[in-house]
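With chain A fixed as given, assemble chain B onto it according to the hints.
Residue-level listing of the chains:
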Amino acid sequence: MSVQGRPGGIPPGLNRFQSWLGKRPLLQLGVLAGLVAGALFLGYNLIANMDRVGITPGFGFLWRPANFEIGETLIAYSAQSSFGRAILAGALNTALVSITGCILATLIGVALGLARISANPVVAGMARIYVETIRNTPLLLQLFFWSATVQTFPPIRRAFEPLPGLLFSNRGLFLPSLGFNDGSWALATVVVTIVLLAAWVFLRLSMKNRPRERRRAGFLFLLAAGAGLAVVVALGGFSVGWPQHKGFNVTGGLAATPEFAALLFGLAVNSSAGIAEIVRSGIEAVPKGQIEAARALGLRQGQIMRLVILPQALRIMIPLFTSSYLSLTKNSSLAVAIGYPDLVSIVNTTANQTGQALEAIMIMIGIYLTINLTVSLVMNQYHSRQSGTVRG
Amino acid sequence: MVGISVKERFFGSWRNTIVTVLFALLAALIILPLVNWALIEATWTGTAQSCGDRTGACWAFIAEKYRFMFFGLYPQQAQWQAFVATGLIALPMIVTAMPRFWHSRLVVLWLLSIGLAVALMSGLFIGTPVPTQQWGGFPLTLLLAVVGFAGAFPLGVLLALGRRSQMGIFRVLSIAFIELMRGVPIIAVLYVATLLFPLMLPAGASLDKLLRVQVALILFVSAYIAEIVRAGLQAVPPGQYEAAQSLGLSTVKILRLVVLPQAFRAVIPAFVTLGIGIFLDTTLVIVIGLFDFLNTARVATTDANWLGFYAEAYTVTGLVYFLLAYTASRYSLWLEAHLRPVAAEPSKQNMAAIRFPAGEKGAIVMRVSRESVERPA
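Protein sequence lines correspond, in order, to chains A and B.
Counting from 1, position 161 in the first sequence corresponds to residue 161 in my numbering; the numbering is continuous, with no gaps.
In my numbering, each residue carries its 1-based index in the second sequence increased by 392.
Extracted from the complex, chain A is given alone in its bound form (with noise of 0.2 Å):
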C-alpha cells in the first residue's frame, strides 16, 4: 500500500479509472467483489428469513398504524397515527432534547470553563472537580443518577416551588412559557423604524473611526437584531403563560415530563464538562505575549478579552464545540434507556413491533447520518476558508 499524497494529474498511458485505481487493481476488484458477495449472501438470507415469517421488505409498513402511545410528541399523535408519523415523532423529540441540550450544555460550559482558569483558587478548584467527576464516569451512570433525582422530587401537590412559576415535581418541571398574542403590524412597524433610527445614531457615534469591514458588520447584526424584533412583536409582543396548580395537574406554562428534564440535564452537564475543557484550552492557547501586548497597549481587561483573546481563541475552539454537539446529538440516543421516546426508541419500539429490522434501522442511521455529515460538510468548509487549506 502506498503512503504518500497523490500526485497530480493523470500519468501517460492510462486512462482515469486506472489513475483512479491505482495499484493491484486485480487484488483491489478482489476485495469488492468479496465484499459485495458477503453483502448479498446476508441480504438474501435476510430476505428469506423475512419471508419465512410473512413479512415484505419495503416501506410500506410506515402508512400502517403504529398502535402503540408515545408520552410526549410535539406534533399530534395518537395510537391509529401512522408508524411514519411515530417516526417523525421521535426524530422531532430526537431534536428538541438534541438543541436545547446544546444550548444549556453551552450556557455552563462557558461559565465553567472561565472558571477553571479564574486566578481564584477555590473557584478553580470547584469547577475542576465538577469537570474531573463529569468526565471520568459513564454518561449512562449520570443519566440514572439524574433519572433517580428526578424521582424523588415531591408530588405536584406539595411541589417545590423555588421561584414564583417554577415548579419541580416527580410529574415533572414547570416553567413559565413566552406566548404569542393576536398582534398589531403598527407596533412592528414603529419598532422598526426606532430599531433603524438608533443603528444609525448608534452607527455615526461610536464607529466613526472603525475599518469599514467593522462598519458594515455591526450594521447588519442591528439590522437582524431589529428584524427579530420586529417579527416578535408583530405577532402580537409577549405573553407570559404561568403554570398553576389545578388539583392533581399543573396548567399553563412550559412543562417538561421527568424523563426530559432527566435527559436534559444529564446531555447538558456531560457535554458542559468537555465544553469547559475546550473553552480552558482555547484561552489557554492564546500566547501570553499577546494579553501582555495588549495589556501594553493600555486595553482594559475586558477589552482584552473581547479584542485580543476571544478571536484568537474562538478559531480553535469553534471546530470543537460543533463536534461536542454532535456528540451530545448522538448521546441523546440513550434516552432508550432512562424511557425518553426519542428516535431510537421509537424506531426500536417499531422494528419489534413490525419485524421490519431492516427498513427501521436505516431510517435511524439515515437520519443520524444526515446530521452528522452535513455538519462536517458545513465545518469543513469552514475550516478550509480559515486556515486556507483544505483538509486531505
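Treat the hints loosely; a few may be bogus.
For the chain B half of the interface with chain A, some residues (derived, Cβ under 10 Å), not all of them [to be verified]: (1) VAL398; (2) THR412; (3) GLY444; (4) GLY448; (5) ARG563; (6) LEU588; (7) PHE589; (8) LEU599; (9) PRO653; (10) PHE656; (11) ALA658.
No wet-lab data here; the hints were simulated from the structure.
The beta-carbon is built from N, C-alpha and C at its ideal position, and this holds for glycine as well.
Below, chain B alone, put in the same frame as chain A:
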C-alpha cells in the same frame, strides 16, 4: 497571573474575598451533607431493616451485594475463574502501558492472555461450561472495552492507511466505512448486531450474542482509531517517506520501521483518551440487555429484600469507573511528558547518518533508525 501570592489569590481584593467566601460556603453546603450521608449517618452492617432506621448510606447493602455487582450472574462456585480472568485481561494492558516493554512481541502476550481469559470465563478448565449469558459485571465490562480497543487497533490502522492510499477502491471503501461508523450513535451499531444480524444468517445458524456485540464494538471503535492514526500519519513529514523510499525499503518496511512508529508516537495521548471513552461507553450494552458492571449495580437495587438503594450502588460503581478512568487520564499526561524529549531529539546511538550524494561537500545529511539500514533490504 504569575507572581501573585497565595494570600492574594484568595483575598486579593474585596471582590475576590467575597467570591472566595461564597464559593467556600457552596462547597461546604455540598460536602458536609455528603460526608454526613456517606460516613456519619451510614449503616455498615446489618439488614435492610437496620438501614431503614438510619438516614445515611446503607453500606451493608454493598457488603451483601458486592459479589453480584462485580460478577453478575456468573456461577458463585466458579467466581475465582472470573476473578483470574479479570487479571488476565488487565495484564497485557498494564504491560503495554509501560514504554520499556514496547515491542512487537507484545502481540503474542495479548493473544495468549486474552485467549486464556476467555477460556477461563467459559469454564474450559473445570469441565462445566459457563454460557456467555451468565457472564457479567466487571470482567464483562473489562473484556468488552479491552478487546474492543485491542481488536480495533489493527483494523483502524488498515483503515487509516486505506484512507490515504492511492488505490481507489480501498480508499473509497475506507472513507465510506469510517464516515458511516462515526456518523451514527454506538447504539445504532449495537442494534444492527442484535436485532438485524441474526436475521441475516442462514436459517438455523446462530452466533453468540456477546460475540456479535464484541465484533460490533470492534468495528465501531476501529473507525475512531483510524481517524487518530490518520492524524498521526499527517504529522509525519513527507521527507520521511521520500528518504525511506530512496533507501530502497519496501512499502511494508517503510510503514513498519519509519512511518508508523512516528505516527503512533504523535497520537498516543489521543489513544488513551479514546480508550477511556470506550471503557465508559461499554455501559451502553445495557440497552441491548447485557449484564455489564453498571447493569449489575442497577439490577442489585431491584432485589425485593434490599429495594431501592440506588445511591449506594451507583456511588460504588461510579467510584470504580472514576478511579480507573482518572488513573488512565493521569497516565496519559505522564506519558505525554515522558515521550516529548524523545520525540524531539532521537538518541544518536540508534541513528545512522546517510549522506547524499556520498562524500561530497554540502551533502544532505539524513539520520535514520540504525535498524532500517543494517537489515538486508
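A quick look at each hint next to the structure:
{"no.": "1", "hint": "VAL398", "verdict": "8 Å, holds"}
{"no.": "2", "hint": "THR412", "verdict": "5 Å, holds"}
{"no.": "3", "hint": "GLY444", "verdict": "16 Å, violated"}
{"no.": "4", "hint": "GLY448", "verdict": "16 Å, violated"}
{"no.": "5", "hint": "ARG563", "verdict": "8 Å, holds"}
{"no.": "6", "hint": "LEU588", "verdict": "5 Å, holds"}
{"no.": "7", "hint": "PHE589", "verdict": "8 Å, holds"}
{"no.": "8", "hint": "LEU599", "verdict": "12 Å, violated"}
{"no.": "9", "hint": "PRO653", "verdict": "14 Å, violated"}
{"no.": "10", "hint": "PHE656", "verdict": "14 Å, violated"}
{"no.": "11", "hint": "ALA658", "verdict": "15 Å, violated"}
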